[in-house]
Amino acid sequence: MSLTVNTQEFNLLRDLIRNECGIEIQDNKMYLIEGRLAQLVVESGSQSFLEFYEKASRNTDAKLKEKIVDAITTNETLWFRDQSPFSTLTEVIYPQLFQALASGKEQEIRIWSAASSTGQEAYSMAMLADQFAAKNGYSHLLKSGKFKIVGTDISSSALMLARLGRYDSLAMSRGMPPELQDKYFTTQNNISTLKEDIKSMVTFQKFNIMDSFSTLGKFHVVFLRNVAIYFSDDVKRELLQKVANVIHPSGYLFLGASEFFRDSHENFETCRHDRCSFYQRR
Amino acid sequence: MIILSVDDSAVIRKVIRNAVGVLGHDFLEAENGQVALQLLEKHHPEIKLVLLDWNMPVMDGIATLKAIKSHPQFSAIPVMMVTTEAEKGNIAMAIQAGASNYLMKPFAHEDLLMRIMQTLEP
Amino acid sequence: MSNATSIDSVLVNAISRATMDVLKTMANTDVQFNGVAAKPDYEGTGDISAIIGITGESGEGMIALSFSTNLASLIVSRLLGQSPETITGDDRCDGIGELVNMISGNAKVSLSQNSGTPYKLSLPTIILGAGHSVASRPKNNPYLLMTFEVEGMPFHLQLSFKYR
Chain A
469 MSLTVNTQEF NLLRDLIRNE CGIEIQDNKM YLIEGRLAQL VVESGSQSFL EFYEKASRNT
529 DAKLKEKIVD AITTNETLWF RDQSPFSTLT EVIYPQLFQA LASGKEQEIR IWSAASSTGQ
589 EAYSMAMLAD QFAAKNGYSH LLKSGKFKIV GTDISSSALM LARLGRYDSL AMSRGMPPEL
649 QDKYFTTQNN ISTLKEDIKS MVTFQKFNIM DSFSTLGKFH VVFLRNVAIY FSDDVKRELL
709 QKVANVIHPS GYLFLGASEF FRDSHENFET CRHDRCSFYQ RR
Chain B
238 MIILSVDDSA VIRKVIRNAV GVLGHDFLEA ENGQVALQLL EKHHPEIKLV LLDWNMPVMD
298 GIATLKAIKS HPQFSAIPVM MVTTEAEKGN IAMAIQAGAS NYLMKPFAHE DLLMRIMQTL
358 EP
Chain C
-16 MSNATSIDSV LVNAISRATM DVLKTMANTD VQFNGVAAKP DYEGTGDISA IIGITGESGE
44 GMIALSFSTN LASLIVSRLL GQSPETITGD DRCDGIGELV NMISGNAKVS LSQNSGTPYK
104 LSLPTIILGA GHSVASRPKN NPYLLMTFEV EGMPFHLQLS FKYR
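Protein chains in written order, with this note's numbering: chain A, 469 to 750; chain B, 238 to 359; chain C, -16 to 147.
Just so you know, not all the hints are guaranteed correct.
Unchecked claim - So, partial list: chain C residues that the calculated Cβ filter (under 10 Å) puts toward chain B: (1) V5; (2) K7; (3) D30; (4) D74; (5) E81; (6) V92; (7) L106; (8) K122.
Just so you know, these hints were derived from the structure itself, not from any lab. Where a beta carbon is used, it is the ideal one built from N, C-alpha and C, also for glycine.
With these hints in hand, go ahead and build the complete structure from the sequences.
Next up, the structure:
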């Protein structure tokens, strides 16, 4: 049984992965395919990566494709990742959004956490919204359900975990300040469960960002953080155009800490707050 | 629903205990295959998944796997190998001996959780 | 051994990659590799050491991982998601033993690929107390001392390997 991948097999699998989720595996990342897929290859009863590819592309086992995507993508799941985008939310963006909601200028506020994985980013936004609302007399707006956070991911198991809203001490140790943990979670036996009123601010949906965005609706804020780095430049450009089309004028886009628009972009204006670069839809 | 972790490392068993807690299931642990079989017998049929290490004293992973898969009562319980044995031949051997799934150490936290969920899914 | 240096570099690369991977993946800790030095003998550095033997048709040797108590507590605390003060001596011993097991298990893959033959790991042994020496097999085989750093704190990995 051959469990090494040859060039032909690598190219076939690379194409499959690109088509499934847009992720571009570079040539020198062959080890990634071998290492992470070897288990799946054997589990599927295949004798080689080629046979495995054939099984996966035949479409008869939808779960198999999903397992491949799960195996290839890794996500560093942190609370309040990189800090400054979240302080920007609290200091710059939430004031505007809640004011618009309070004055009736907006009927609802929608925020999108794309590639939400196990939910930390979306719930981080929710906790901050609750804090801001409480400090500024907007809690009634949250209770009315007009403030909505949508988390999407391609992985069903990640979504299931996100919906659970339960995290063990290891997951909590990655970026959760103790005072927020005390306020928003009930912790027992090393497991922290997010309180219902925060959970209810967020809905999680299965969604592949390679698909059409036509069913998503429009958003006031989009977090597309550390997703596009996996993609080739062409895919990236197309993705950012699709994203631009679902952001309200003057709405905001946040990319990952090491990501940025290379040139000035026709759809977005660059903004800065503290150490954070973000983008406003023209 | 009980998930059983079999590993001679107390730290690994704790990490798995935490993950199982997130999923809301009950947890049992064993430091080798012999203790694992005793627990399986005692708690049958509530143990729904076994996470099994490879290198353990007294009774190692592959022997334990074979014992479970040939047991009149437990053979249908899914077994997931959680191990450093990354040699390709060993992976194949484990799957052929009846392991449902395979997770290599070191594992990312989320990978452990998602694999458990995938293995438990009907 | 004609290609001793190049084979050693295979081993050193495999181990440094494995060390960084293991600590990053399971303890969310970034590790810096600060280099390797040849030593005639084992050096008992560190308050807590975990030693594991590797044997195969193509050779045999040992890998020893050494930490200060503080760093061991820190790393194990991250494995478990607890605060370092709550880490017991047992946790530390077990945790370090499992770290050397995972690092060696991963490095072993490159070794096997390189020599074309499989290797087996022994169960890890934990030694407490600095200044220990090891009467190891293979006898009279030189050591490589690899130095790593976590947030300014060093730890060491020593290995001695003899190819048949």
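So, going through the hints one by one against the coordinates:
no., hint, in the structure
1, V5, "holds (4 Å)"
2, K7, "holds (8 Å)"
3, D30, "violated (18 Å)"
4, D74, "holds (7 Å)"
5, E81, "holds (4 Å)"
6, V92, "holds (5 Å)"
7, L106, "holds (6 Å)"
8, K122, "violated (25 Å)"
Hints 3 and 8 from the list above are not met by this structure, while the remaining hints are.
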